[in-house]
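Respectively, the protein sequence lines represent chains A and B.
Okay, so the first sequence: first residue is 0 according to numbering that gives the first Met the number 0, each after it adds one.
Okay, so the second sequence: first residue is 0 according to numbering that gives the first Met the number 0, each after it adds one.
One thing to keep in mind: the hints can contain errors.
The list that follows gives simulated cross-link-like pairs (lysine to aspartate or glutamate, EDC-like), each with its CA atoms no further than 16 Å apart [to be verified]:
| # | chain 1 | residue 1 | chain 2 | residue 2 |
| --- | --- | --- | --- | --- |
| 1 | B | K126 | B | D116 |
| 2 | A | K177 | B | D135 |
| 3 | B | K73 | B | D98 |
| 4 | B | K73 | B | D97 |
| 5 | B | K73 | A | D165 |
| 6 | B | K126 | B | D173 |
| 7 | A | K177 | B | D131 |
| 8 | A | K81 | A | D38 |
| 9 | B | K73 | B | D99 |
| 10 | A | K81 | A | E91 |
| 11 | A | K177 | B | E113 |
For the chain B half of the interface with chain A, some residues (derived, Cβ under 7 Å), not all of them [what the hints assert, rightly or not]:
| # | residue |
| --- | --- |
| 12 | E18 |
| 13 | S38 |
| 14 | T64 |
| 15 | F68 |
Worth flagging that the hints you see were computed from the coordinates, not collected in a lab.
Cβ coordinates follow ideal geometry from the N, Cα and C atoms, glycine included.
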Amino acid sequence: MISLQHAAPYAPRMSLVVADEDDDGALARRIAARAPGRDAAAEAELCRRLGPRIRLYGLKHLRSEAAAADLMQDVLVMVLQKLREGAVREPERISSFVLGTARQTVVDWRRSGARRARILEAFPVDFAPQESDEERPEPLDAERLRDCLAALSERERAVLVMTFYDDRPADAVAAELKLTAGNVRVIRHRGLERLRGCMSRPGGEA
Amino acid sequence: MRASCPSPAQELLEYWLGELDAEREHALEEHLFACAACSARLAALVDLGAAIRRELLAGRCAFVTSAPFIRRLKEAGFHVREYAPPAGGSVDCTVTPDDDFVVAYLEAPLGGVERLDLVIDDSTSGKQRANDVAFDAGGVVAVTSTAYLRTLRHSQMRVRLVAVQGVNERVIGDYTFNHYPST
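Produce the complete structure using the sequences and hints provided.
Written out as structure tokens, the structure is:
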């Protein structure tokens with residue numbers, strides 16, 4: 000199952016002494032500039048912003064909620080460690096550095112078969128990334144979703160259900176429905192647009 | 000190669016489903032890590048997909064699918080109750096607490112058919128028509144909502160497969176399901 004629910008509750012939100020308009024690079028520069036000391040507020044804010052993106056990357060490539068949560072934790076710890084050591088050459092490009100770290104971690108896990116290095120024991124942290132309001136969608140109304148799914152055309156509903164049952168690409172769904180991949184993409188796109196439109200309307204009229 | 004902002008929903012979905020080539024996937028990932036708005040849009044898409052899956056697995060979806068998809072459900076360990084009434088015939092059916100899915104195989108000679116509709120006359124919920132359903136040359140595979148079936152007392156459903164060509168319609172198969180609550 001893929002869910003954006005977190006496996007473990009996060010720590011209480013720290014009081015932030017950072018401006019909302021600070022970009023990710025500015026936060027990274029602040030953390031690097033404070034080394035060897037710590038800028039706890041900047042670290043917490045950076046984790047709040049980047050944590051959900053790392054989890055999403057983990058879900059995409061590992062297809063496991065638990066593994067994605069592990070990846071998020073490990074990558075954030077490694078990134079903060081590098082920032083504190085002054086080992087990030089371009090803090091203003093922190094998002095690229097985080098992505099590179101996430102990619103390498105996934106490669107390493109796959110190569111070694113190891114799931115969870117005990118890096119936290121060697122490098123304790125007193126923060127945890129929090130739900131980011133800007134990156135967390137509103138919980139879906141299951142009843143409305145049911146009505147909106149029922150209002151789709153037969154083929155749209157079939158394609159969406161068969162796609163999201165196990166996140167199948169268009170060519171695999173097409174083979175099962177005796178359609179072309181292009182057809183499935185068109186039906187899938189149209190169905191999703193109609194579904195999202197229905198879900199966003201007051202009352203959920205299809 | 001730089002992904003545009005905001006990334007189109009179609010591209011985000013193609014990324015999620017592994018349909019992009021390596022170059023486009025890497026470019027989009029660079030963008031997603033730098034762009035909170037597109038990352039949030041992808042998260043919403045993933046959330047919607049997960050919600051559809053929950054509806055399916057909770058037995059709250061009725062849809063016409065294919066035999067290979069049903070095989071995959073069974074291989075994944077789901078309990079699938081299956082009925083295959085002969086054309087023109089009837090079958091007694093039910094749903095038990097152990098059933099995850101109830102599937103009807105409607106066999107009919109569908110070679111040459113361009114569009115097929117499913118007309119259902121349900122003694123409980125009335126008449127419904129599903130237009131342009133998926134089919135192959137051998138027939139139709141229909142998944143019924145187990146959540147709905149569990150609400151039924153004795154009920155009868157007459158299902159007809161109707162081939163549509165222009166303004167002409169032709170009934171190709173007629174099946175009757177006599178539903179009884181599980182005892």
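Legend entry - Violated hints, by number in ascending order, as checked against the structure: When the structure is compared with the hints, none of them turns out to be violated.
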